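Q: In the order they appear, the protein sequences are chains A and B. One gets the numbering used here by counting positions in the first sequence from 1 and adding 22 to each. One gets the numbering used here by counting positions in the second sequence from 1 and adding 113 to each.
Keep in mind that the hints are not guaranteed to be accurate.
Among the chain A residues that face chain B by a calculated CB cut under 7 Å, a handful are [to be verified]: (1) Met23; (2) Ser27; (3) Met111; (4) Pro115; (5) Ala118; (6) Trp135; (7) Ala141; (8) Pro148; (9) Ala160; (10) Ile164; (11) Tyr171; (12) Val179; (13) Leu190; (14) Asn208.
Simulated from the structure, these hints should not be mistaken for laboratory data. Since we're looking at a predicted model, the values are computed, not measured. Heads up, the beta-carbon is just placed ideally off N, CA and C, and yes, glycines get one too.
The primary structure of each chain is shown beneath.
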Amino acid sequence: MIVASLAFYLFAFIAVVSALNVIFQRNPVHSVLWLILTFFNAAGLFVLLGAEFLAMLLVVVYVGAVAVLFLFVVMMLDINITMIREGFMKYLPVGAFIGIVLLVELALVYGGWVMSPQAEALRLAPTPDITQIDNTEALGRIMYTQYVYVFQAAGLVLLVAMIGSIVLTLRRRPGVRKQNISTQVNRRKEDTVEVVKAPVGKGIA
Amino acid sequence: MTSLPDLVPAYPELFLAAAGMLFLMIGVFRKTDSTGLLTWLSVLAMIVAAGLIWTAPQEQVKTFSGMFITNGFTAFAKILTLAGAAISLLLINSWVHKEQIARFELPIIVLFATLGMLMMISANDFIALYVGLELQSLALYVLAAYHRNNLRSTEAGVKYFVLGALASGLLLYGASLIYGFGGTTSFDGLATAMAAAPEGSVGVVIGIVFVIAGMAFKVSAVPFHMWTPDVYEGAPTPITAFFSVAPKVAALSLFLSVLAGPFAPLIGQWQQVVIFISVISMAWGAVAAIGQNNIKRLMAYSSIGHVGYALIGLAVGTTEGAGGMLFYMLVYIFMNLGTFAVILAMRVKGRAVEDIKDLAGIGKTNPGIALALATLMFSMAGIPPLAGFLAKYFIFLAAINSGLVGVAVFGLLASVIGAFYYMRLIKIMYFDASVDALDKPDGITGLVMFACSVIVLVLFFVAGPFVNGADAAAKALFLS
Numbered sequence: 023m024i025v026a027s028l029a030f031y032l033f034a035f036i037a038v039v040s041a042l043n044v045i046f047q048r049n050p051v052h053s054v055l056w057l058i059l060t061f062f063n064a065a066g067l068f069v070l071l072g073a074e075f076l077a078m079l080l081v082v083v084y085v086g087a088v089a090v091l092f093l094f095v096v097m098m099l100d101i102n103i104t105m106i107r108e109g110f111m112k113y114l115p116v117g118a119f120i121g122i123v124l125l126v127e128l129a130l131v132y133g134g135w136v137m138s139p140q141a142e143a144l145r146l147a148p149t150p151d152i153t154q155i156d157n158t159e160a161l162g163r164i165m166y167t168q169y170v171y172v173f174q175a176a177g178l179v180l181l182v183a184m185i186g187s188i189v190l191t192l193r194r195r196p197g198v199r200k201q202n203i204s205t206q207v208n209r210r211k212e213d214t215v216e217v218v219k220a221p222v223g224k225g226i227a
Numbered sequence: 114m115t116s117l118p119d120l121v122p123a124y125p126e127l128f129l130a131a132a133g134m135l136f137l138m139i140g141v142f143r144k145t146d147s148t149g150l151l152t153w154l155s156v157l158a159m160i161v162a163a164g165l166i167w168t169a170p171q172e173q174v175k176t177f178s179g180m181f182i183t184n185g186f187t188a189f190a191k192i193l194t195l196a197g198a199a200i201s202l203l204l205i206n207s208w209v210h211k212e213q214i215a216r217f218e219l220p221i222i223v224l225f226a227t228l229g230m231l232m233m234i235s236a237n238d239f240i241a242l243y244v245g246l247e248l249q250s251l252a253l254y255v256l257a258a259y260h261r262n263n264l265r266s267t268e269a270g271v272k273y274f275v276l277g278a279l280a281s282g283l284l285l286y287g288a289s290l291i292y293g294f295g296g297t298t299s300f301d302g303l304a305t306a307m308a309a310a311p312e313g314s315v316g317v318v319i320g321i322v323f324v325i326a327g328m329a330f331k332v333s334a335v336p337f338h339m340w341t342p343d344v345y346e347g348a349p350t351p352i353t354a355f356f357s358v359a360p361k362v363a364a365l366s367l368f369l370s371v372l373a374g375p376f377a378p379l380i381g382q383w384q385q386v387v388i389f390i391s392v393i394s395m396a397w398g399a400v401a402a403i404g405q406n407n408i409k410r411l412m413a414y415s416s417i418g419h420v421g422y423a424l425i426g427l428a429v430g431t432t433e434g435a436g437g438m439l440f441y442m443l444v445y446i447f448m449n450l451g452t453f454a455v456i457l458a459m460r461v462k463g464r465a466v467e468d469i470k471d472l473a474g475i476g477k478t479n480p481g482i483a484l485a486l487a488t489l490m491f492s493m494a495g496i497p498p499l500a501g502f503l504a505k506y507f508i509f510l511a512a513i514n515s516g517l518v519g520v521a522v523f524g525l526l527a528s529v530i531g532a533f534y535y536m537r538l539i540k541i542m543y544f545d546a547s548v549d550a551l552d553k554p555d556g557i558t559g560l561v562m563f564a565c566s567v568i569v570l571v572l573f574f575v576a577g578p579f580v581n582g583a584d585a586a587a588k589a590l591f592l593s
């Protein structure tokens with residue numbers, strides 16, 4: 023198991039270091055690149071846990087779509103990072119204080135953690151034996167059966183998000199020239215080209 | 114192979130979802146502006162959904178592997194939500210045409226928001242609860258920012274979104290702590306786990322407090338109310354009317370079905386939190402409204418106060434309290450919709466105004482509007498013979514019967530303070546010198562205004578069946 027432990031510490035260390043770099047980079051493009059590295063290492067941790075489907079999702083969805091989208095947004099919008107950072111030092115002490123208080127409180131909760139005696143029996147979808155069925159298949163089996171309601175409802179949430187972003191951003195600008203294929207196709211030579219005989223030496227008036 | 118889940122209990126929700134998607138197609142493919150058509154179709158869809166709920170059997174049914182529940186309580190809360198949503202949709206329609214910001218997506222977003230509310234009310238699992246809540250909230254954020262060329266409206270949308278996301282985060286974090294204790298997100302499973310450990314553990318109590326914080330944000334109870342005045346003021350007025358009725362009913366029902374459902378054995382742990390929230394909501398709602406000159410901000414504080422009163426019914430933790438709370442919400446939606454119809458009618462020479470000074474002297478110039486507003490204000494202040502009095506009476510009675518005399522006395526004091534600013538509006542209308550007469554309200558707005566003021570008057574005399582209905586609904590909740 024020494025290999026697994028070594029791999030865990032490697033992934034965990036790189037994940038923490040690159041996560042810190044996401045915050046401390048001055049250039050937002052660099053931040054996003056560090057974020058991608060963080061995602062890859064988190065995916066590695068998932069693989070170590072035996073959750074290869076989540077690892078795949080993390081790479082495909084977060085690295086493939088979300089991080090690249092971030093990159094585009096950061097590059098397209100000229101965000102002035104020094105302006106955003108302006109109040110940072112001013113609010114740091116208060117923010118850090120609240121953060122530490124919360125952390126201590128949560129540590130206390132964790133220290134006194136009790137599980138309900140029934141918790142074991144009440145589990146809705148216990149992880150099946152990994153030697154019998156891999157977890158992609160296990161997830162597939164409950165996604166459309168036990169959890170079909172929330173699965174479909176999540177689809178509705180995405181639909182509303184899509185309608186909402188269209189409502190809030192789509193503008194019909196007047197005077198935009200749009201391509202109209204049928205007028206292009208129906209255009210005849212006679213409509214546009216006029217053949218004129220130009221007398222020599224006189225030109226056309 | 115697993116069999117298909119029983120779809121019958123979820124017919125109203127399925128119908129609304131299918132209708133929403135169909136209307137979207139109509140809106141996209143129709144060449145002319147279909148806002149008006151889709152509004153009326155959406156109202157019709159809501160009426161049909163309410164009819165489906167009304168005719169469904171009242172006994173308790175669970176489906177979708179126990180994630181979705183229907184019984185007398187959910188039926189009552191859903192019909193109330195649908196009524197609030199349908200009436201505000203009509204108000205929205207006449208307003209957007211006047212302001213020329215009509216777009217066909219508007220009724221569809223309202224429809225999906227309402228669907229989210231119904232799903233919240235029927236949730237019997239933390240995951241189902243969260244998905245319903247997000248469907249509702251996401252639609253509401255868009256609605257707040259709907260008037261996108263207006264700085265106030267976009268500001269309201271951003272504020273609501275950021276704070277709402279934070280509240281959702283708190284709620285999810287609390288749910289995860291509770292899951293860590295009980296090993297399940299299902300309310301049925303949690304109920305058995307909680308019943309076995311009625312004193313709770315630190316982890317689960319903190320989880321419940323986080324969940325309460327998240328839900329208190331959604332009902333805008335103090336100390337999670339900061340967004341309310343800004344969002345209410347910034348959002349287009351009829352959308353504010355929608356915010357102040359339908360989501361409130363849904364979120365308060367959710368509050369009730371979570372705390373009085375799986376966490377009923379832990380009443381000793383959450384009761385003091387709810388009492389605290391309720392008392393300071395009443396106090397702050399009454400005091401902070403006094404200094405307001407914008408009538409939409411005034412209504413925001415008024416609704417914070419009303420949520421405080423309704424939460425007494427939850428704090429009591431008995432069937433009587435829950436029944437009182439449901440009846441309070443019934444009266445509240447009619448009082449609020451009526452008042453917002455009056456605010457929508459506040460137009461001078463075709464321009465919308467929202468300062469309370471603009472109401473000066475309308476007792477003489479617009480006696481109809483003034484009389485309607487006076488009726489509604491007296492009802493909000495809780496003065497007999499109007500329904501607002503009965504609503505407060507049942508809530509306070511439930512509190513006294515279960516020994517929370519202090520809370521009831523405090524509520525009485527808060528309603529006396531609150532009466533000051535309601536009376537102030539009436540004084541401005543009838544005794545101050547007129548500035549400008551208001552325009553004649555359009556048909557729908559006038560009708561809603563008139564109907565709501567008649568309802569708050571008539572409901573006082575024929576309250577019997579409605580009180581019984583609310584009590585029956587509350588009993589259904591406590592049986593589950």
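Q: The structure should be examined with respect to each hint, and the outcome stated for every one.
A: Status of each hint after checking the structure:
At a threshold of 7 Å, the smallest CB-CB gap from methionine 23(A) to chain B is about 27 Å, leaving the interface hint violated. About 25 Å separates the beta-carbon of serine 27(A) from the nearest beta-carbon of chain B, more than 7 Å, and the hint is not met. With a cut of 7 Å, the hint placing methionine 111(A) at the interface with chain B is violated, because the nearest CB-to-CB distance is about 22 Å. Interface hint status for proline 115(A): violated, as the beta-carbon distance to the closest one in chain B is roughly 21 Å, over 7 Å.
Of the supplied interface hints, the one on alanine 118(A) is violated, with its beta-carbon coming no nearer than about 19 Å to a beta-carbon of chain B, more than 7 Å. The interface hint given for tryptophan 135(A) holds, since its Cβ lies 5 Å from the closest Cβ of chain B, which is under the 7 Å cut-off. With a cut of 7 Å, the hint placing alanine 141(A) at the interface with chain B holds, because the nearest CB-to-CB distance is about 3 Å. Because the closest C-beta pair between proline 148(A) and chain B is about 9 Å apart, greater than 7 Å, the hint is violated.
Using the Cβ-Cβ criterion of 7 Å, the hint placing alanine 160(A) at the interface with chain B is not satisfied: the shortest such distance is roughly 14 Å. Because the closest C-beta pair between isoleucine 164(A) and chain B is about 9 Å apart, greater than 7 Å, the hint is violated. Annotation: tyrosine 171(A) was flagged as interfacial toward chain B, and the flag holds, the nearest CB pair being 4 Å apart, inside 7 Å. Checking valine 179(A) against chain B by beta carbon gives a least distance of about 5 Å; that is within 7 Å, so the hint holds.
Contact between leucine 190(A) and chain B, as hinted, is supported at the beta carbon level, the nearest pair being about 6 Å apart and thus within 7 Å. With its C-beta approaching chain B no nearer than about 21 Å, asparagine 208(A) sits outside the 7 Å limit, and its interface hint is violated.
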